[in-house]
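Given the sequences, and given the hints that come with them, work out the whole structure.
Residue numbers (the working numbering), protein chains in the order written: chain A, 244 to 582; chain B, 244 to 582; chain C, 244 to 582; chain D, 244 to 582.
Check before you lean on any hint, since a few could be wrong.
The list treats identical chains as interchangeable, and a pair is accepted whether it falls inside one copy or across any two copies.
Unchecked claim - Under the rule of at most 30 Å between Cα atoms (straight-line distance), these lysine-lysine pairs were calculated in the DSSO-like manner:
no., residue 1, residue 2
1, 539, 330
2, 531, 453
3, 330, 531
4, 453, 330
Since the hints were derived computationally from the structure, they do not count as laboratory data.
So the chains spell out like this:
Number of protein chains: 4
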Amino acid sequence: MSLDYDTYLSPFTWRYGSPTMRRLWSEVHKRRLWRQLWVSLAEVQAEYGLVQPEQAADLRLHMEEVDVPRTLAVEAEIQHDLMAELKVFAAQAPLGGGILHLGATSMDIEDNADALRIRQALDLVLTGLRGLLLDFARQVETWAETPLIAFTHLQPAEPSTLGYRLAGYAQDLLMDWESLSTVRLGLRGKGFKGAVGSSAAYAELLGVEKLAGFEERLSEELELPFFTVTTQVYPRKQDYAVVSALAGLGGSLYKFAFDLRLLQSPPVGEWAEPFGKKQVGSSAMPFKRNPISAEKVNSLARLLAGLPRLAWDNAAHSLLERTLDDSANRRLTLFVEPI
Amino acid sequence: MSLDYDTYLSPFTWRYGSPTMRRLWSEVHKRRLWRQLWVSLAEVQAEYGLVQPEQAADLRLHMEEVDVPRTLAVEAEIQHDLMAELKVFAAQAPLGGGILHLGATSMDIEDNADALRIRQALDLVLTGLRGLLLDFARQVETWAETPLIAFTHLQPAEPSTLGYRLAGYAQDLLMDWESLSTVRLGLRGKGFKGAVGSSAAYAELLGVEKLAGFEERLSEELELPFFTVTTQVYPRKQDYAVVSALAGLGGSLYKFAFDLRLLQSPPVGEWAEPFGKKQVGSSAMPFKRNPISAEKVNSLARLLAGLPRLAWDNAAHSLLERTLDDSANRRLTLFVEPI
Amino acid sequence: MSLDYDTYLSPFTWRYGSPTMRRLWSEVHKRRLWRQLWVSLAEVQAEYGLVQPEQAADLRLHMEEVDVPRTLAVEAEIQHDLMAELKVFAAQAPLGGGILHLGATSMDIEDNADALRIRQALDLVLTGLRGLLLDFARQVETWAETPLIAFTHLQPAEPSTLGYRLAGYAQDLLMDWESLSTVRLGLRGKGFKGAVGSSAAYAELLGVEKLAGFEERLSEELELPFFTVTTQVYPRKQDYAVVSALAGLGGSLYKFAFDLRLLQSPPVGEWAEPFGKKQVGSSAMPFKRNPISAEKVNSLARLLAGLPRLAWDNAAHSLLERTLDDSANRRLTLFVEPI
Amino acid sequence: MSLDYDTYLSPFTWRYGSPTMRRLWSEVHKRRLWRQLWVSLAEVQAEYGLVQPEQAADLRLHMEEVDVPRTLAVEAEIQHDLMAELKVFAAQAPLGGGILHLGATSMDIEDNADALRIRQALDLVLTGLRGLLLDFARQVETWAETPLIAFTHLQPAEPSTLGYRLAGYAQDLLMDWESLSTVRLGLRGKGFKGAVGSSAAYAELLGVEKLAGFEERLSEELELPFFTVTTQVYPRKQDYAVVSALAGLGGSLYKFAFDLRLLQSPPVGEWAEPFGKKQVGSSAMPFKRNPISAEKVNSLARLLAGLPRLAWDNAAHSLLERTLDDSANRRLTLFVEPI
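Listed below in structure tokens is the structure:
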């Protein structure tokens, strides 16, 4: 990986976030998902006799040939990112190129791709969270009987145990696990409903009576349930639900990290986060043990806490059969990884 | 009802909100719930032989004698609202007064009362929402075939039907119904776990081995599940979940109301909200038909949209076994009624 | 004052906020300001020969007869609060009633009244803040040389002095003083520009060439500068500036209160807030010294922190020459008093 | 510039934002500012006889040799970004390397660099805004007499002129200009006050009596005023002021763009944004003229609107003499460019 340090780079590009999560939110992966959707569309259309099987096969053959720089050059001219990808894909697939995107509107591709990508991201988060919960379970066991003085209002109050305190954090995280799992299971794509959700172009190609079966086949193929009713896009309420659940997780981690920072303060001095051997504490006071991971968690969680409001705004202002005023900020914020 | 117009009165006191919802969030109702919790506690303690049945009965006898002005006079002196209520209740119940609050900490009373009250409020909202969904269902039927031009980017795009457009709003509200129902069913109280959640005082009274059964009896009595682990209070994450779901509903109503306002604009002129016969449109332009209900919905929903962040903050900053920095703003914002 | 405890009452009505601030935000005071604006309008119109001096005088005579219950009865019928007040005022003033509101639109009255009221509220806040700054100045002096260990990352770091630490809070508050003073000095009313800001109705009455002088006279009379350009209302950006500055003050107080809570924690034990003799600490642990005032400040400041976003939304969504979707939430949130 | 499309890239890296602004927020530029601060510190220390002039000169000689990959390799080991830069710089400057950072704490370097960088960014924004205001001024002139029907509540209300409507947006932007200019002029750096703001290490090197003069020389050298009192960092309130003013500008642009979108809707059809010849409107409906620039402005402004809250949180939670929980989110959000 070579990065250009002479331009702005998001810290998520190189400082925070796991490589897996970053790859998921790369241009390449997004375009791979777009192409997968075009291919699935063509394959199901082939089942319905709308395109030739060889055309669909040709598309599948060239599916992996994502070429971002070439596509951006096209986009610079036509100012439409998905259409640029389509043109490049079409040029790569001599047989199938002509039937790409048949009956579709951009959002039949982009929006389903987003749903798939969000689901993949939630799966990563849930996997991480499962591990964290198991760690907590072990620690709760280990320290079940270790006494401590519980604090209310930051005042020593009554005895409790370390295991019990840890169980509180674990219970919070379990609530997050439940709400994230509910959201993940309920995730739906837009399906293939065209420019205003009425499926008009597909109806013209297939006849109205075949519409439902056609969409069902695509849903099977993509292993993605679809919304019954949509506008040009799936209801942005869904993003709000996703981000609210993620921010809830951020809140649990925030509380844990903040408590850790209080407990690592030497006058209390009960906990401390690990400290690397070569790690430098402070340029002026190298003896200090600063809880920098906990501070980082607090800092990122605080950022995350503001995102549900943005998703709310996008949902609330998607005027009539949709506007695009969610697009730019979704590009900036769908990439969220709290662990 | 007489109001003092010479002081500040929240518009929720007299302008917005239903009388039922207002009563639910009155001082009187809150104190009635506190007393109900004290009485249930005494009754279950009587079952365990900790207090005399007559004492519990005496408390039940005087349970309804809430006297806010008298209590506030006591509070002015001791600066603790629940203890003030307790003193007044104790003075009213000569037999039972002495055993009130046995083993309890304030939050064993307040926090369970809040959970009960939030549940009652959610039930009101869900009842309203059920009615609204049925209305939508009827309208979707009625206008299923009525054609219209759908708008994307506020540009006329392709034909759709009015019923289909309405079905979109209904689907949004159904998602809210589901998330509010989930939240409502999952609502838990703190239970009776004392100052730091360790149940120490109750354990001393009952013996550790009877603790679980004792709390279970109270949970049955109050028909309220309890959290397994708590600090002095139930995890404030729960408030975040409640308020996020309510704000989600606010977002759906916002979108509907905003669309209505666009459609009521004469250049489009498709919809209009009802207008009373004697209603005055504008002091300068009485001919105008302003969508004032829709504007009101937008305005209140916008306020509601900011509240999840506050609940998040309260949850994230409930340091160690709790701090009180959620108290003042919860007093101000738990009263939420979006319909 | 008699309050109805059987309905919802905002804690600002009786628990938080000073009596002076509450009176400022009462229905009575608002209506008094409306009437003052009507009277000033009539008096300046009398100067221009548009109404009889006796008519203006009659209005001034009945200006103080605000009768909220009677007005609300009228509003219930016509659903327009300012027009209801106008009808009641007109009925009270037999001579002047007929020329009330001449050439005006509702917002010529309401919006200027809001500007006046916000200014009065800012003056209250600034007076309180001045006192607080003087207190800090004295404390900085007193403790200038008292040594303490400064904490970074909640770790003891290097020596400093108490006076220096206090000077940091004072400098924060001084920044707030400056930004609040700037905002207060810059406050402008809408002036008298009619339904869409074009002053059409006044131009018809006076002739275009007299418009500027007429508005200037009103500005003098009310001691309130006006915006040069408005829509039906003054730009809601102004509210954003006010609330942002107030939230800034809330942030400074929050930091101070949070630090105090940390320092009052017995393991550190450096500071403590005053504790009343009869004050009750905790129902279960009466020995504890909880920093309840600091917690209250944190709680309310956290609420305040969310309000700039609401003001931003109102400003950003005041479509074309205005919509009313700011109204309901401004009724709920213009009342802000952080001290 | 070569970008790695296989990882996450912020849209600000390649889609939104100007090249100049991106360079300002690059790793290279940040490190250049750090080095400039180290050099200025050494030069002023040379004036005070603390270091040799040749040492300072050697540092200036190697100031431009920023080498990000090499530095990141060091950081990977010691987990401290500024200390890594220092090590690399020191290795490059054989004579001066040893006296680098004399008496300083990391934040004496980083925090002043941030203040400088924020100021440069504000200057870019102000330059852009000045151009925009001049454009508006011209348009207001041009269309001063062009009649239109003003809309209130999205209802046609009364006549106005296009020039007057445009003057309203211009007045909004002028208010932003004023508040951004005030913020820009008031920007202060931390100065050189060491780990807790007490200037202890410098006092040891120079003697207390020379401290003020020493800092003044640095302030002159850097053309940057300093705060009188700081903790380890400058008060984070300053960030809140900066971001609030920027969000205010975002709000004005949002209103303008939203109005444009309403006016570009064919039923009104008054305005339209430019549309490129080869631009593609919609994959399904190529005839449409979507206001994509206005939608983009709305989308980004909506994101910006949430950032003051984050800055508030950072300011309010900078516990005692500072914590680091602002760091990660400031890295993510200080890069803001609304035009």
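Results of checking the hints against the structure:
Taking the closest pair of Cα atoms, residue 539 and residue 330 come within 30 Å of each other only across two copies (24 Å); inside a single copy the shortest separation is 43 Å, beyond that limit. In the homo-oligomer, the alpha carbons of residue 531 and residue 453 lie at most 30 Å apart only across protomers (29 Å), although the nearest pairing inside one protomer, at 70 Å, exceeds that limit. For the homomeric pair residue 330 and residue 531, the shortest alpha-carbon distance between copies (20 Å) is at most 30 Å, but the shortest distance inside one copy (58 Å) is not. For the homomeric pair residue 453 and residue 330, the shortest alpha-carbon distance inside one copy (29 Å) is at most 30 Å, but the shortest distance between copies (64 Å) is not.
No hint from the list above goes unmet by this structure.
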